[in-house]
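Chemist: Sequence:
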Amino acid sequence: MSIKKKIALAMGGTALAASMVAGGTFALFTSQVSNTGNTFAAGNVSIQDTTGGKVYNVNGTTGFLVPGDNGTSYLKVKNNGNVASWVHLASVENKNGGLFAGSKPVTLDIHDGNAQLLAPGEEKSFAVNYNFDINADNSYENATGTFDIKVQAVQAKNNTKTDNSGPSSWGN
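Those letters in the sequence shown? Residues -17 to -1, 1 to 155, by mature numbering (1 follows the signal peptide of the UniProt record, and there is no 0).
Be a bit skeptical, because a hint or two may be false.
Between beta-carbon pairs, the in silico distance windows are [said to hold, decoys possible]:
#	residue 1	residue 2	range
1	LYS59	SER14	52 to 62 Å
2	GLY36	ASN97	20 to 30 Å
3	VAL75	PHE47	19 to 29 Å
4	THR22	THR55	42 to 52 Å
Derived from the structure by calculation, the hints contain no laboratory data.
The beta-carbon is built from N, C-alpha and C at its ideal position, and this holds for glycine as well.
Whenever a hint applies, use it, and build me the whole structure from the sequences.
Modeler: Right, dumping it as structure tokens:
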């Protein structure tokens, strides 16, 4: 056998051995598994007025107002959502009637502190204060007034001030 044939045979044998080694690398046992059915679900913020009626009612809570009257009643709010929420009395709206007109009207105060944190299912009370100026004159006799109270809620998670005093999305 010539030297060229021996070299060619040696090179061919080396190539064959290399291909067998390389081919053997792909003959390992393997397995895989799938983790199926993964889901996400978004939470919800939902509040309910659970006061059981009007906060103020001439036939129940206050009777007829006269100058100098003042007081506090409470609006109850329940967190019906599935995430913790910051809740506060946001504003008095739709004030109508003679008791809210003139120079000495009935005033309402709903800002009794910071927002309150309510866990899902939790209920808390919020103060609603009123004052009828002692100096109101006879132009207010037989006057009436109606109003609405707006309650606001926002998620607490990822939205709480560093001092835990309320939601960062409401500013101050």
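Chemist: Each hint: holds or not?
Modeler: Verification of the hints:
no., hint, verdict
1, LYS59 with SER14: 52 to 62 Å, "holds, 58 Å"
2, GLY36 with ASN97: 20 to 30 Å, "holds, 26 Å"
3, VAL75 with PHE47: 19 to 29 Å, "holds, 21 Å"
4, THR22 with THR55: 42 to 52 Å, "holds, 46 Å"
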